Amino acid sequence: MITNRSGGPYPQLTFIVDGQLISRFFLLLQQGVRIKRRVGCSVAVFLREELGAAPDTIEKIQSIMLDGKPVDDIGSALLHDGSVLALSAAMPGLVGATLRRGGAYSSLRNAITYHEAGKACMPGEGWVSIKLFNLMMAELGPGLLRDGVLIKAPDLADLLSKWSPELLQGCSATLDGRRVDITMLEGNTALAGKGQVFLTVTGGPSDR
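All residue numbers for the sequence shown refer to the numbering used here, where the first residue is 178 and numbers rise by one.
Hints are computed from structural coordinates only; laboratory data are not their basis.
Among these hints, one or two may not hold up.
Taking lysine-lysine and the BS3-like style, the derived pairs with C-alpha atoms no more than 30 Å apart in a straight line are [what the hints assert, rightly or not]: (1) K246 / K329; (2) K329 / K339; (3) K329 / K237; (4) K246 / K308; (5) K339 / K371; (6) K308 / K329; (7) K308 / K339; (8) K308 / K237; (9) K308 / K371; (10) K371 / K329.
Everything numeric in this text was worked out from a predicted model, so none of it was measured.
My request is simple: use the sequences and hints to build the entire structure.
Listed below in structure tokens is the structure:
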């Protein structure tokens, strides 16, 4: 895994929250966040070594979309710099059954299933956009937020405007190492002119 995950001169925003409040940030993961990790590896390796997913968690990931296409073979599909990876547990109905990797209905979408096109994919560091849905937000979300994700500042401001009263009671924040008033973040005052922010969210005493 790489160590400088902020990957550039982005503002560094850190939240320390009561354990149960971490889930308030999961909506950002559903909308999509960017992470800097090793690329040029298979989806299976990426899940295991870069996201830290345990074998039982990987088994729960029933739908994997890579660059908008469903993935069946996680051992051969490769992550590229700029790839978009969406992960979901089992979804209901025919759509869920059709998108399920290796499922009985996977043949119905063979034309859109992800296949490597033979383009060069050199191992190295790169940015990957991650989207998590349903159970995967709880399974992988805390670890992603703890390690840090790159998000759009307006998206964060919108989220904080919904949860501000609750977060004020159980959260502290620092921006580039300095304590910051959460209400200034909610109104985007402290983030004015900052298009993207490297966000880290960790649990406080109640999370240990």
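Going through the hints against the structure:
For the hint linking K246 to K329, the alpha-carbon distance of about 24 Å falls within 30 Å, and the restraint holds. Restraint check: the Cα-Cα separation between K329 and K339 comes to about 16 Å, which is no more than 30 Å; the hinted pair holds. The straight-line distance between the Cα atoms of K329 and K237 is roughly 29 Å, inside the 30 Å bound, and the hint therefore holds. Proposed proximity of K246 and K308 is supported: the alpha carbons are some 14 Å apart, at most 30 Å.
Restraint check for K339 and K371: the C-alpha separation of about 20 Å stays at or below 30 Å, so the hint holds. For the proposed pair K308 and K329, the alpha carbon gap of about 14 Å is at most 30 Å, so the pair holds. Between K308 and K339 the alpha-carbon distance is near 21 Å, which keeps this suggested pair within the 30 Å criterion. Note on K308 and K237: the hinted pairing holds, with a Cα-Cα distance of about 15 Å set against a maximum of 30 Å.
Under the criterion of a C-alpha separation no larger than 30 Å, the hint pairing K308 with K371 is consistent with the structure, at around 22 Å. Between the alpha carbons of K371 and K329 the distance comes to roughly 8 Å, so the proposed pair stays at or under 30 Å and holds.
In the structure shown, no violation is registered for any of the earlier numbered hints.
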